[in-house]
Amino acid sequence: MSIPLVPQLLRSHLKELADNDQRLDNRSQFEGRDVEIEVGILGNAEGSARVRMGDTIVLAGVKFQTMTPYPDRPNEGGLMCMAEVRPVSGRQHEAGPPSAESIELSRVVDRGIRESGCIDTSDLCIIPGEKAWQVILDLFAVSDDGNLFDAFALAGITALRNATIPQEKFELGEDRPLIVSKTPIMCSYQRVGGRFIFDANGREELGGDERIHITLGEDNHVHSLQKGLKGAFTAAEFTELMEEARKKGQELRNMINTLEGVN
Amino acid sequence: MGYGDVQMIDADGIRNDGRKAGDVRPISIELGVVPVADGSCRMRWGTNEVIAAIYGPMEAHPRKIQRQDRAVLDVRYNMAPFSTSDRIRPGFNRRSREISKVTAEALESVVMLELYPRSKIRVEIEIICAEAGTRCVGLTAASVALAHAGIPMTDLVVSVASGKINDVVVCDLNKAEDNYGEADLPMGILPNSGELVFLQMDGDLSPEEFEEAWDYNMDAAMTIHEYCVEALKNGRYPQ
Numbered sequence: 001m002s003i004p005l006v007p008q009l010l011r012s013h014l015k016e017l018a019d020n021d022q023r024l025d026n027r028s029q030f031e032g033r034d035v036e037i038e039v040g041i042l043g044n045a046e047g048s049a050r051v052r053m054g055d056t057i058v059l060a061g062v063k064f065q066t067m068t069p070y071p072d073r074p075n076e077g078g079l080m081c082m083a084e085v086r087p088v089s090g091r092q093h094e095a096g097p098p099s100a101e102s103i104e105l106s107r108v109v110d111r112g113i114r115e116s117g118c119i120d121t122s123d124l125c126i127i128p129g130e131k132a133w134q135v136i137l138d139l140f141a142v143s144d145d146g147n148l149f150d151a152f153a154l155a156g157i158t159a160l161r162n163a164t165i166p167q168e169k170f171e172l173g174e175d176r177p178l179i180v181s182k183t184p185i186m187c188s189y190q191r192v193g194g195r196f197i198f199d200a201n202g203r204e205e206l207g208g209d210e211r212i213h214i215t216l217g218e219d220n221h222v223h224s225l226q227k228g229l230k231g232a233f234t235a236a237e238f239t240e241l242m243e244e245a246r247k248k249g250q251e252l253r254n255m256i257n258t259l260e261g262v263n
Numbered sequence: 001m002g003y004g005d006v007q008m009i010d011a012d013g014i015r016n017d018g019r020k021a022g023d024v025r026p027i028s029i030e031l032g033v034v035p036v037a038d039g040s041c042r043m044r045w046g047t048n049e050v051i052a053a054i055y056g057p058m059e060a061h062p063r064k065i066q067r068q069d070r071a072v073l074d075v076r077y078n079m080a081p082f083s084t085s086d087r088i089r090p091g092f093n094r095r096s097r098e099i100s101k102v103t104a105e106a107l108e109s110v111v112m113l114e115l116y117p118r119s120k121i122r123v124e125i126e127i128i129c130a131e132a133g134t135r136c137v138g139l140t141a142a143s144v145a146l147a148h149a150g151i152p153m154t155d156l157v158v159s160v161a162s163g164k165i166n167d168v169v170v171c172d173l174n175k176a177e178d179n180y181g182e183a184d185l186p187m188g189i190l191p192n193s194g195e196l197v198f199l200q201m202d203g204d205l206s207p208e209e210f211e212e213a214w215d216y217n218m219d220a221a222m223t224i225h226e227y228c229v230e231a232l233k234n235g236r237y238p239q
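Chains as they are written, first to last, in the working numbering: chain B, 1 to 263; chain A, 1 to 239.
Just so you know, the hints here were simulated from the structure itself, not pulled from any lab data.
You can trust all of the hints, since none of them are fake.
Computed from the model, here is a short list of chain B residues facing chain A with C-beta under 10 Å:
hint, residue
1, 41
2, 43
3, 62
4, 65
5, 82
6, 138
Owing to the predicted nature of the structure, the values given are computational and were not obtained by experimental measurement.
No residue lacks a Cβ here, since even glycine has one placed at the ideal position from N, Cα and C.
So that you can see chain B by itself, here it is in the shape it has in the complex (with noise of 0.2 Å):
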């Protein structure tokens, strides 16, 4: 990769792309990189996925723990889910603890799957009041080329849908496939050259402006929402954003239900 142009550069050339509905890359407004997802690539893991769009590649992991349930709810397991941006992942990734940036977005993929109720949390009670799984979800980007979100919650929910709850392992019975009963999907827009934009690449994520997060899930309930960095923006563009992650939304979860692998 080349060393990043100064953003103000950057910038007023993003803005000259926009005012003629030009991308860096050549794609239209609404328009995603292409995306390639495999399943049950970690051979330690309990349920794995390698999604990849563009340049950025990232890789999420399943691994279950046996946990004691909190007090004010002894019949339900728990889910954990943690991305990591490491500095493997870019240049300006740098060594350290999360920053800000690494723990809104951790949070926010958090936030979309938790909050669909796609895992039945008292599916994993094993012994009420005193023993549950934890399933833990470990997100890990490879190469950071912009729009981590998207491809974190995708990588995500395809890794939960690929896991199987080792109960041989823990000697607690036979194995058996992690419940997921909804697939969130995730759409992040990036204010670029003055107007949204779908799946921003780095340098679009450079020379941005402000985010929005928004991850549906089936009959397109919304799960989460986030806004990100400085800007305003007006209902009307919402609205419209709203509309794209719709469409968008289905096609994803189309593609994830038509994988190999996925329970």
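Position chain A relative to chain B; hints supplied.
Here is chain A on its own, set in the frame of chain B:
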């Protein structure tokens, strides 16, 4: 179960994964797997999977880490949380710090750091799936990724470990052999000069066994070096 209590090699000298004593697990190498990096490679070695990425040479900051006469190597070895059978809590631990340190020192012996004063070269080693011998895979992958990034080096570093299971010296320990074996001798070898830049050992080896393990490593390193060169020429090994 302790050392020597598990039978891992049969009377015909066949190991639990079907290998003979001197055999190395299957290896494949792919370059450019981190498209945003200056150089990168993925190495699969048995069921190990390691990604190494290089960023730089770039400006070294903060300034106090700069060296006026050479570049500094910033090496990080890390295991992904889902890389092992029990999940690993993210973040540095004592083991990964030590491995990062000795890996950096091995690579410093071959990278021509004096060509890039006051700069920094980042070497990121991520263990995606661990079977046994991840430090060896990591070091070898890092040297291939450095070459892929076009960083001048005097040689590649090829790292491999031999050890002892049920009183038999064998090359390239797998998971069970590493867990229940009696000794482990990882070495980092410069294939062109035969010199060593990395050496660790733990366990129990007689002088004769030590020599045998040493020779296994030397021979294996020459073979693995050929794979690395093939990968650097063609972008991947095997083709």
